[in-house]
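*Asks:* Spelled out from the first residue to the last, the chains are:
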Amino acid sequence: MMNKFNDQLRVDFAGVNFKNPIILSSGTAGFGQELNDVYNIELLGGLSTKGLTLRQRSGNVGTRIWETPAGIMNSIGLENPGIRKFIEQELDFLEKIDLVNIVNIGGSTLEDYIETVKIVSELKVDMIELNISCPNLKKGGMSFGIKAKTAAKITREIRKITDLPLVVKLSPQARNISEVALACQGAGADGLSLVNTFKAMAIDIEAKKPVFENIYAGLSGPAIKPIALRMVHEVCQAVEIPVMGVGGISSWQDAVEYIMAGASLVQIGTANFINPRAGLEILKGLNNYFEKNKIESINQIRGII
Amino acid sequence: MAEIISNVQLSRGIYLMKVRGQFQGKMGQFYMIRAWDKDPVLSRPLSIYSLEENSISFLYQVKGKGTTIFSKLNPKEEIKLVGPYGNGFPLVKGRVALLGGGMGAAPLYLAGQTLKQQKGLEKLDIYLGFQKRAFLKNEFNKIADRLVIDIGGLITERIEVDQYDYILTCGPDAMMQALIRKTEGSKAKVYLSIEKRMACGMGTCLVCTCKSRKGNIKVCKDGPVFRGSDIYDE
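Each protein sequence line maps, in turn, to chains A and B.
Heads up, the first sequence is in this note's numbering, so the first residue is 1 and it goes up one at a time.
Heads up, the second sequence is in this note's numbering, so the first residue is 1 and it goes up one at a time.
Excised from the complex, chain A in its bound form (with noise of 0.2 Å):
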């Protein structure tokens, strides 16, 4: 069932070919291969990896996940085997499958995200996601992206050692999102995307504690996306580079609205669990909109809110 997507859905993003502007987001998709199992994955346009680190970091202890209305909290604490064993287990599949694929990195110091892009700068990758929005760890994460002034060191830092296309991934936490926006843009970031969890909490009411190790985690699914819509929006307003929205897409007009409000790209994340074949039905559903509406191409109807 090989589908013959329209060309009217590519999409150039930072001089990178996208065959459409559908992504699995990182830590939903692991690195490709147990969704590559349920549908051909290429057929999407991208794919952003589990957040890697430089050491292998085993993740955060007790309950990890907690529903909520339309929505759940994760504390997985970046659990990811660290940028060398991804190379030696996971490299070799990204290499051959033919979508773009992007490598989204953290950590908890400056020192630890420039080793790792380092080491990833030398890999035949297309694209690096610098992760400076995790709220589930201790230390570093999204530490980096509440203030425009580390945000803007980070990424000029990052950006001095990189050739490769660098997109930086903001936190709803920011103070002022579109400040921290434009001070990634001036730093030298090749485009962004927005937004990762919003921080949250649940309380078991019988233990009289946080459901969580951690107190906070991260919330995401249809719950948050009205509110990241919004932001997404906010921050074209303000950028000049292009946007991937991130934030509860679960169908393909999600999808739509957030390329109304001005993303180039949009990405899937807590929707893969709801259906592990959604990066592909949603990505049906913009084709068929896009046929039936006569449009060709997604600057037709991108940022036209």
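Keep in mind that the hints were calculated from the coordinates and are not lab data.
Be a bit skeptical, because a hint or two may be false.
To be verified - Just the calculated beta-carbon pair ranges, DEER-fashion:
id: 1; chain 1: B; residue 1: E78; chain 2: A; residue 2: I203; range: 34 to 40 Å
id: 2; chain 1: A; residue 1: R230; chain 2: B; residue 2: R181; range: 53 to 59 Å
id: 3; chain 1: A; residue 1: I305; chain 2: B; residue 2: P172; range: 32 to 38 Å
id: 4; chain 1: B; residue 1: N138; chain 2: A; residue 2: I203; range: 40 to 46 Å
id: 5; chain 1: A; residue 1: G15; chain 2: B; residue 2: K76; range: 53 to 59 Å
id: 6; chain 1: B; residue 1: G215; chain 2: A; residue 2: K147; range: 35 to 41 Å
id: 7; chain 1: A; residue 1: E42; chain 2: B; residue 2: D230; range: 42 to 48 Å
id: 8; chain 1: A; residue 1: E213; chain 2: B; residue 2: Q163; range: 39 to 45 Å
id: 9; chain 1: A; residue 1: M201; chain 2: B; residue 2: S6; range: 55 to 61 Å
id: 10; chain 1: B; residue 1: S71; chain 2: A; residue 2: N17; range: 39 to 45 Å
id: 11; chain 1: A; residue 1: L110; chain 2: B; residue 2: Q9; range: 26 to 32 Å
id: 12; chain 1: A; residue 1: L110; chain 2: B; residue 2: S186; range: 32 to 38 Å
id: 13; chain 1: B; residue 1: G94; chain 2: A; residue 2: L110; range: 57 to 63 Å
Unchecked claim - Residues from chain B shown here face chain A by an in silico Cβ test under 10 Å; the list is partial:
id: 14; residue: D39
id: 15; residue: P75
id: 16; residue: K76
Claimed, not checked - What the simulated footprint calls covered on chain B by chain A, stretch by stretch (three residues with Cβ under 8 Å from a Cβ of chain A suffice, anywhere in the stretch; the number is not a length):
id: 17; region: 40–54
id: 18; region: 200–212
Even for Gly, the Cβ is constructed at its ideal location relative to N, Cα and C.
Could you slot chain B onto chain A? The hints should help.
*Replies:* Chain B in isolation, oriented as in the chain A frame:
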């Protein structure tokens, strides 16, 4: 989508749901199941209770929002099944015991049915422990050489582990740990099926990570069945 054939309450809050269709699966594997659109967000992992040519059954207990929805479904209504996922129990031979605590009985019926057909099976004894009331006694009785039921006590105290080459188990953590301690120094090998909250069921989300002697393991993809000695200290 698949059609529900029956959805019967066996005991308070415990249901057996039978679904029409030709499904794949091995003993100890599970399906991700939902009967709703986007809320709750996650599907519920349920292990296969039994598998026939044109149907599949799941045993579940009403615990939260998802299982409450399941419990209200009527025959002819539809649910969505994705799977099967997980490794499943190994095809063991010789003298085998199945030991379940409460809802831990869920994957053991298919295990019993499957092992019964194995050449080289010398005996199949089934031990089931319940807090208040037993369920599915007759079904398990049909496949067991010997069925031991315990209500209100500790089922692990009713088994002589040295009588067995293999013990397949599923149930509360404390029960499985007690079994592992009891098999220390014995020849009986234990395989246990672990339950954890899951999001994807296929190994991408890392929600069900569990610490083991071999480092972090994914209950959904590396398991849910593990050698007892890999999970708990012997």
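*Asks:* Look at each hint and say if it fits the structure.
*Replies:* Now the hints, each set against the structure:
1. A C-beta distance of roughly 36 Å is found between E78 of chain B and I203 of chain A, which places it inside the suggested range of 34 to 40 Å.
2. Separation of R230 of chain A from R181 of chain B is about 55 Å and conforms to the stated range, judged on CB atoms against 53 to 59 Å.
3. For I305 of chain A and P172 of chain B, the hinted distance range of 32 to 38 Å is not satisfied, since their beta carbons lie about 53 Å from each other.
4. Between N138 of chain B and I203 of chain A the CB atoms are about 43 Å apart, so this pair conforms to the stated range of 40 to 46 Å.
5. The hinted range of 53 to 59 Å is satisfied by G15 of chain A and K76 of chain B, whose Cβ atoms lie roughly 55 Å apart.
6. With their beta carbons about 37 Å apart, G215 of chain B and K147 of chain A fall inside the hinted range of 35 to 41 Å.
7. For E42 of chain A paired with D230 of chain B, a C-beta distance near 36 Å fails the hint of 42 to 48 Å.
8. Distance hint check for E213 of chain A and Q163 of chain B: the Cβ-Cβ separation is about 41 Å, which falls inside the suggested range of 39 to 45 Å.
9. Our hint of 55 to 61 Å for M201 of chain A and S6 of chain B is violated, since their Cβ atoms are close to 41 Å apart.
10. For the pair S71 of chain B and N17 of chain A, the supplied restraint of 39 to 45 Å is violated, since their beta-carbon distance comes to about 50 Å.
11. Distance hint for L110 of chain A and Q9 of chain B: a CB-CB separation of about 58 Å, inconsistent with the stated range 26 to 32 Å.
12. Between L110 of chain A and S186 of chain B, the C-beta spacing of about 54 Å breaks the proposed range 32 to 38 Å.
13. The hint said 57 to 63 Å for the Cβ distance between G94 of chain B and L110 of chain A, and at roughly 59 Å that hint holds.
14. At a threshold of 10 Å, the smallest CB-CB gap from D39 of chain B to chain A is about 5 Å, leaving the interface hint in force.
15. A cut of 10 Å between beta carbons decides the hint on P75 of chain B: the least distance to chain A is about 25 Å, and the hint is violated.
16. Violation of the interface hint for K76 of chain B is found here, the shortest Cβ-Cβ separation to chain A being roughly 23 Å, above the 10 Å cut-off.
17. For the region 40–54 of chain B, the proposed coverage by chain A is satisfied: 4 residues have a C-beta within less than 8 Å of a C-beta in that chain, meeting the threshold of three.
18. Counting residues of the region 200–212 of chain B whose C-beta sits closer than 8 Å to any C-beta of chain A gives 10, which meets the bar of three, so the coverage hint holds.
Taken one by one, the earlier hints fail for this structure at numbers 3, 7, 9, 10, 11, 12, 15, 16, listed in ascending order.
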